[in-house]
Amino acid sequence: MTELPDYEEAVLEAVDAIPEGCVMTYGDVAEMVGAKGPRRVGRVMSEYGAATAWWRVVRAGGHPPVGLEGEALAHWRAEGTPLVGGVFGSGRVDMARARWDGTAAGERVSGV
DNA sequence: AGCTTGACCGACC
DNA sequence: TGGTCGGCCAAGC
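Position 27 (the first sequence) corresponds to 26 in numbering that gives the first Met the number 0; numbering is contiguous.
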C-alpha cells in the first residue's frame, strides 16, 4: 500500500516506531527520514497524522500542535510520558527524558 | 511565474 | 520570560 511518496511513508513509519513514553521533534523526524525541512514533516503529519501516533511528535520546545494540546496531554498521561512539572504539568513534554534517539527501540533511560 | 500559508527551528531583543 | 524576525521547503491559489 505504498500510495504515498517515500518521505511521507518514512515519516509515518518513523512516528510509528517511537516507543510509548517517548517523543520526537519534527526536526528530529525530518532528519531521521531524510527530509530536508521540518515543516515538510508537519505538513505530512497534518494530512496523514490522523493514522499515526501524532502525539509522539512535538515541537522543539515540547509543545504539541495547536488545537490538540488536550488530546496530546491525555495520550501522554495514558502512556506515561514524562511531563514537565509532573503529570499535572502545564501540558508540556519533558524533552530531556522523553526525547527518543531512534537508536534502540524499547530501550530508554530508566529512572533518573 | 510569483505570492501566501504552514502541526517548524533557531537566534535575537 | 516572552514576543519578534528571518530562514527552509513544499503545497495551494
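You may find that some hints are simply not true.
Each computed DMTMM-like pair below joins lysine to aspartate or glutamate, with the alpha-carbon atoms no more than 25 angstroms apart [what the hints assert, rightly or not]:
hint, residue 1, residue 2
1, K35, E46
2, K35, D15
3, K35, D100
4, K35, D5
5, K35, E78
6, K35, E7
7, K35, E70
Because the hints were derived from the structure by calculation, they are not lab data.
Results for each hint:
1. For a cut-off of 25 angstroms, the pair hint linking K35 to E46 stands: about 18 angstroms separates their Cα positions.
2. Using a Cα cut-off of 25 angstroms, the hinted pair K35 and D15 holds, with the two alpha carbons roughly 20 angstroms apart.
3. A hinted pair counts as satisfied when its Cα atoms are at most 25 angstroms apart, and K35 with D100 qualifies at roughly 18 angstroms.
4. The straight-line distance between the Cα atoms of K35 and D5 is roughly 13 angstroms, inside the 25 angstroms bound, and the hint therefore holds.
5. Restraint check: the Cα-Cα separation between K35 and E78 comes to about 30 angstroms, which exceeds 25 angstroms; the hinted pair is violated.
6. Using a Cα cut-off of 25 angstroms, the hinted pair K35 and E7 holds, with the two alpha carbons roughly 12 angstroms apart.
7. With a CA separation close to 28 angstroms, the supplied pair K35 and E70 exceeds the 25 angstroms bound.
The structure is inconsistent with the numbered hints 5 and 7, although it conforms to all the rest.
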